[in-house]
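Enquirer: Chains as they are written, first to last, in this note's numbering: chain A, 10 to 123; chain B, 64 to 177.
FYI, nobody ran anything at the bench for these hints, they're computed from the structure. A few of these clues could be false.
Subject to a maximum C-alpha distance of 25 Å in a straight line, what follows is the list of computed SDA-like cross-link-like pairs (lysine to any residue) [what the hints assert, rightly or not]:
1) B:Lys100 / A:Pro17
2) B:Lys100 / A:Thr14
3) A:Lys22 / A:Gly37
4) B:Lys134 / B:Asn70
5) B:Lys131 / B:Glu105
6) A:Lys22 / A:Ser60
7) B:Lys100 / A:Lys22
8) B:Lys100 / A:Phe78
9) B:Lys117 / B:Met92
10) A:Lys22 / B:Glu105
11) B:Lys119 / B:Lys131
12) B:Lys117 / A:Phe113
13) A:Lys66 / A:Leu90
14) B:Lys134 / B:Pro72
15) B:Lys100 / A:Leu90
16) A:Lys66 / B:Pro72
17) B:Lys134 / A:Leu97
Across the chosen pairs, the derived CB separations fall in these ranges [said to hold, decoys possible]:
18) A:Ser31 / B:Glu121: 31 to 41 Å
19) A:Glu61 / B:Ser114: 43 to 53 Å
20) B:Arg124 / A:Leu20: 29 to 39 Å
21) B:Thr89 / A:Phe69: 46 to 56 Å
22) A:Phe69 / B:Gly123: 15 to 25 Å
Some but not every residue of chain B turned toward chain A, in silico, with C-beta under 10 Å [what the hints assert, rightly or not]:
23) Ser73
24) Leu97
25) Lys101
26) Phe109
27) Gly168
28) Ile172
Think of the CB as a built atom: it goes at the ideal place given N, C-alpha and C, for glycine as much as any other residue.
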Amino acid sequence: KAGVTQTPRYLIKTRGQQVTLSCSPISGHRSVSWYQQTPGQGLQFLFEYFSETQRNKGNFPGRFSGRQFSNSRSEMNVSTLELGDSALYLCASSAGGQGNTEAFFGQGTRLTVV
Amino acid sequence: DQQVKQNSPSLSVQEGRISILNCDYTNSMFDYFLWYKKYPAEGPTFLISISSIKDKNEDGRFTVFLNKSAKHLSLHIVPSQPGDSAVYFCAALAGGTSYGKLTFGQGTILTVHP
C-alpha cells in the first residue's frame with residue numbers, strides 16, 4: 010500500500026511569490042491535514058480537509074489556504090510569501106471517520122523563501 | 064499555551080537499556096494520544112497510540128503508558144537500539160472535535176549509544 014506522497018520535496022521561492030504544494034493520501038483515506046514545522050514553533054496545525062470540506066483550521070493568516078479534490082488529493086497554497094514562511098510543510102492522511110485514528114505523514118516539502 | 068509538553072529536550076541511553084520518554088498534557092478534552100519518531104527533513108513516522116480508555120498499549124519494543132489523573136503519558140523502548148536515535152514527538156487528539164488536528168509536544172531528541 011503506497012504511503013502519503015508530497016510533491017515537490019524541495020522548493021525555493023522569492024518573497025511575494027505564491028506557492029502550491031500537493032499531497033496524495035493513502036488510498037482509502039479521506040482526511041488530509043497540513044502542518045508547518047519550524048525550529049522555533051515546532052509542528053503546528055494548518056488545516057484539515059475531509060471529503061472536500063475544510064473541517065478545522067489552525068491559527069494561520071489567510072495567506073495560507075487549501076483545498077481537497079474528489080479523489081482526496083489535497084493542495085495547499087501560500088500567497089505573498091514571507092521569509093518566515095520558510096519551513097517544512099507536512100501533510101498527514103487518516104481515515105477520518107468516526108472516532109480517532111492514526112495519522113500517517115508524508116516526507117514533507119521543504120520550502121525556502123529568499 | 065503549550066497544551067502538550069515534553070519537558071526533556073534530550074535523552075541519552077546506552078544500547079540495550081530502556082529509554083523512557085515523557086509527555087504531559089493540560090487539555091482534559093484530549094482522549095487519544097500518539098507517538099511519532101522523526102528524522103531531520105523527513106515526515107514523522109507513526110509508532111504507537113493509546114486511547115484514554117486504556118492505560119497501557121504495547122507493540123513490540125514499544126509500550127505507551129497513560130496516567131489520566133496525572134495527565135501524563137510515557138513511551139518505553141526496550142531494548143533501545145542505535146537505530147532508535149531520532150526526535151520523538153507525542154501528540155494528542157481531542158475526540159470528535161479534533162477533525163484531524165494533532166497537537167504536538169516540542170519533541171525529545173533520543174540518542175542511543177552503541
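Enquirer: Looking back at the numbered hints, which does the structure fail to meet, lowest number first?
Expert: Checked against the structure, the hints that fail are numbers 3, 5, 6, 7, 8, 15, 16, 17, 19, 21, 22, 23 and 28, while the rest are satisfied.
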